[in-house]
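Participant: Could you slot chain L with the ligand onto chain Y? The hints should help.
Chains as they are written, first to last, in numbering that gives the first Met the number 0: chain Y, 0 to 55; chain L, 0 to 386.
Please note that the accuracy of each hint is not assured.
To be verified - Short derived list, chain Y residues pointing at chain L, Cβ under 7 angstroms: (1) Ala15; (2) Phe18; (3) Gly22; (4) Asp40; (5) Cys41; (6) Ala42; (7) Val43.
Everything labelled a hint here was simulated from the structure, so no lab data went into it. A quick note: this is a predicted structure, and the numbers were derived from the prediction, not measured. C-beta: ideal position from N, C-alpha, C; glycine also.
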Amino acid sequence: MAKYQCDNCGFVYDEAEGFAKEGFPPGTAWSRVPDDWACPDCAVREKIDFERVEDE
Amino acid sequence: MHSTTMASSHSYSDSKRYWWLLGLVVPTLPFGSYLLVEATGWGVLWFWPIVFVYGLLPALDWYIATDQDNPPEVAVPDLENDRYYRWIVYLFIPLHFAAFVLSGWVFVQGGLVWWEALGVALSLGAVSGLSINTAHELGHKKGDGERWLAKLALAPVFYGHFFVEHNRGHHKNVATPDDPASSRMGESFYAFLPRTVFGSLRSAWQLEKTRLARLGKGPWTLQNENIQAWLMSVVLWGAMLVWLGWLALPFLLIQSVYGFSLLEVVNYLEHYGLVRQKTESGRYERCGPEHSWNSNHVVTNVFLYHLQRHSDHHANPTRRYQALRDFEEAPQLPSGYAGMILLAYLPPIWRRVMDRRVVEHYNGDLTRANLHPPKRAALLARYSQTA
Ligand SMILES: [Zn+2]
Numbered sequence: 000m001a002k003y004q005c006d007n008c009g010f011v012y013d014e015a016e017g018f019a020k021e022g023f024p025p026g027t028a029w030s031r032v033p034d035d036w037a038c039p040d041c042a043v044r045e046k047i048d049f050e051r052v053e054d055e
Numbered sequence: 000m001h002s003t004t005m006a007s008s009h010s011y012s013d014s015k016r017y018w019w020l021l022g023l024v025v026p027t028l029p030f031g032s033y034l035l036v037e038a039t040g041w042g043v044l045w046f047w048p049i050v051f052v053y054g055l056l057p058a059l060d061w062y063i064a065t066d067q068d069n070p071p072e073v074a075v076p077d078l079e080n081d082r083y084y085r086w087i088v089y090l091f092i093p094l095h096f097a098a099f100v101l102s103g104w105v106f107v108q109g110g111l112v113w114w115e116a117l118g119v120a121l122s123l124g125a126v127s128g129l130s131i132n133t134a135h136e137l138g139h140k141k142g143d144g145e146r147w148l149a150k151l152a153l154a155p156v157f158y159g160h161f162f163v164e165h166n167r168g169h170h171k172n173v174a175t176p177d178d179p180a181s182s183r184m185g186e187s188f189y190a191f192l193p194r195t196v197f198g199s200l201r202s203a204w205q206l207e208k209t210r211l212a213r214l215g216k217g218p219w220t221l222q223n224e225n226i227q228a229w230l231m232s233v234v235l236w237g238a239m240l241v242w243l244g245w246l247a248l249p250f251l252l253i254q255s256v257y258g259f260s261l262l263e264v265v266n267y268l269e270h271y272g273l274v275r276q277k278t279e280s281g282r283y284e285r286c287g288p289e290h291s292w293n294s295n296h297v298v299t300n301v302f303l304y305h306l307q308r309h310s311d312h313h314a315n316p317t318r319r320y321q322a323l324r325d326f327e328e329a330p331q332l333p334s335g336y337a338g339m340i341l342l343a344y345l346p347p348i349w350r351r352v353m354d355r356r357v358v359e360h361y362n363g364d365l366t367r368a369n370l371h372p373p374k375r376a377a378l379l380a381r382y383s384q385t386a
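In isolation and in its complexed conformation, chain L is listed as follows:
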C-alpha cells in the first residue's frame, strides 16, 4: 500500500530509519571474515563477503516482502535535513578504508595460500564495489563537502572519474544510445562491460576538458576533477606499496577491477533496453519513470540506499536516499538488484527473463527500445511476429 496521503510531517515516521544502519555492515564484512577464520581456522571463510553479496542478499530479497512506503511530500524537507541519514553514509568511508588496510595486510603478510589470498582480495573488492554506491549517494549532493567525500570514497577502488561521468554524463544521456552506461537489449553483460568502462572514462575526460576550456585551460591541471580524484588513489595505493611492498599490487588490482565490475553489472541492469524517444525539437524527451528498472525488494534497497528506486533518482538526482519514492508506473524487475546481478552474469538466462519484459514494456514495438546494433535486425524479426 502507498501511504502518501493524510500525514503531516510530524506524524510521519520512517519505517526504515534504523534499518539504514545495515549499510554499515558492508565495510565490516572483511573484519567478520578475519574473526571467523581466526576462530575456526577455515580459510574458505575469507570468502564470506562474497557469499553475503551473491548468496545472502538475494536469498533475503526472496523471502522478505517488498516495501512501497513513500514519505508524504510535506515530510520530505525534515527527512532530508535530518543529519542522522547523512552521518551513517559518511561513516561507511572510514570503515571501508580500515577494511582496505586490513585486507591488504592480510593478503601480503597473512601467510595465506593463493586461493585464500584471492578470497581476501575479491572480498575487499565487493566492499569497494559497494563503496561506489556510497560515493554515488554523496556525489549527487549540492555543496563541496559531500562531493569531496565522494571522491575520497572512490580512492581505494581507483574509479574517481565515476564522480564526474555519472553525474554530468550518465544522468544527462541516460537511456539514449549516446550513454555508455545504459545497456541495450541483446547486449550481454560481457559486451557491455568494456563499452561502459572505456566509454565512461572517455566521457569523464571530455566533460572536464570542455569545462576547463571555458576557463581557458587545458585538461592537464589540478583543477581537473578526474585528476584530483585519481591523485587520491595514487597516494593511497602508493602508501600501501611502500608499506607492504610489491606483493600488494595484485591485491590492489584485483579489488579494483572486481570492485568496478560490480558497479558496472549494476549499471547493466538499471536501464536494460530502455530508451528515451526524440521529441519534435530533436532533443530527447526528459528522463521519466519508464526509463529505469526499479525494485522494491527491501533488503537490497536498504543496503544500496534506495538505489533501486531508480526512476525517482533519475527524475530528481539531488534528492536524498531516504526521500526517494516508489513510482507505481515504473518498470519493475522480478527480483532485487542483488539477485538480478546473478542473472546478468549468465546471458542466456538474463535474456530469457528480461527480453520479454522489454517487449511487454514497449507493447511489442521494439523499434521504440534501445537495441544492441549487431542484434537489431534479429530482434526486430523475432518479436515482430508476436506483436
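So here's chain Y without its partners, still in its complex pose:
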C-alpha cells in the first residue's frame, strides 16, 4: 500500500485508507483512480501531478 501526495497543498492519498467521499473505498489502488481526478483540497493539481511518498 503506497501513499501519493499533492505537491501544491500537501493532501495525501493513502491507498490503505482510500477516500470514501470521492468514491474510493479503503484499499483502492492508485492505479484505479482516474487520471483526471483533481486534488480534493486545492483542485489545481490532478492525479498525474501527485508524487509518491517514500516510506521512511
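Facilitator: Okay, now just chain L with the ligand, sitting in the frame of chain Y:
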C-alpha cells in the same frame, strides 16, 4: 517596497493585523442605516451600505496608498495558525444573519414607501454579496468545519452551489475558455452575467453528479453538497416567509439577485481576457501569476480578505488570506476591485480602460488572449495594426 527578506518569524509583525477587523464593518452596515434613519428621519439613508460599497470604498482606495507588504515565508506557519484571523472571519456570519433578519423585518413591517424598501433590500444584498467573499475564504480551507461554515454563509443569498463550483470548477478551469466564471476580452459584464450564473450552476451540478457516480449514487441525494447548501437556504427563507408572510418574498429575491450579481461582477474583473496556453501534452499550462488581475489597493484588500492578491490565491488556493502575497510580475488593475466594479457596469468605459491593458499584457498578440467569440475577428483586426 517588498519586505520579504531578513526577518525571522518572531520579528515579523503583520501591519494589517487589526485592520482586518474592518471586514466586520460590512455586516453591521444595515444596523448603521437603521440608526441613521431613526436619528434623522431621512429615508434616503437606507441606501447607506450601497453608498459605502460604490462610493466610500473606491474613494478611499483612490486616496490611500497601496500596500505591497509580503510576510516572509518563515513567518507563514505562525501567521496561518493564529486563530485570531479565523475568528474575525467566522464572526461575519452571525452578524450577517442578524442583519438579514433585521432588514427583512424592516422591509415588511417598517411602514416604508417603495423606494425605501428597495433601499433596504439592495443594502442587505450588498452585504449578502460580500458574504460570498467570506464563504469563499472559508470554503477553500481544509477540514469540514470551515467548509460547513462556508455553506452556512451562502444560505441567505441562496448561492450554495458556489461552494462546489468555485473550488473544484473555477479553480481547475480558470482562465480557459471552459470556465464560465472567467470573462473574455470584448465580453461586456451584461453578456458575462447570464453565462457565469447558468454556467456555474450547470458546472456545480455536474461536479457533484460525477463524484456521486463514483460512489454508485445518483445526484438526488442528501450527500450532494449543492443540495445540502440549498436546503439551508430553503429552511432560512422558509422561516422568514412563515414569520413575515409573503411580503418578505420580494425582499428575499432582491437581496439574492443583487447579492450574487455583486459577486459575479467581481468575477468579471478578476481574469478579464487572460488565458492559459495549451502545452504540448494538450493540457493547459498551470495557473500562474499572469492569469489573474491583481490590486494592492489596501482598503478594498482589507474588506475583501486579500482577494485582490488573486494570483497567489489561484496558485495556492488553500493559503489563508493573511498570508497571501503580492507578485510583482502579476498584471495590475489601475484601481481596487471596488472602483473597477463601477467601470464594469459601463462597458464602453471598461473596454477603454482594460482592452489596451490586455493588449499590452500579450505584447500586441491577441491570439494568446481569451477573446469573446462574437468579437474575435474584429478584435484581432483592430489590434493587429498596432502590434
Ligand atoms: Zn492539492
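Participant: Now tell me, hint by hint, if it's right for this structure.
Facilitator: These are the hints, each one checked on the structure:
1. Ala15: 19 angstroms, violated
2. Phe18: Violated, because the Cβ-Cβ distance from Phe18 of chain Y to chain L comes to roughly 10 angstroms (cut-off 7 angstroms).
3. Gly22: 3 angstroms, holds
4. Asp40: Nearest chain L Cβ about 5 angstroms off; hint holds.
5. Cys41: 5 angstroms, holds
6. Ala42: Interface hint status for Ala42 of chain Y: holds (5 angstroms vs cutoff 7 angstroms).
7. Val43: With a closest approach of 6 angstroms, the Val43 of chain Y hint holds.
Hint violations for this structure: numbers 1, 2, all remaining hints satisfied.
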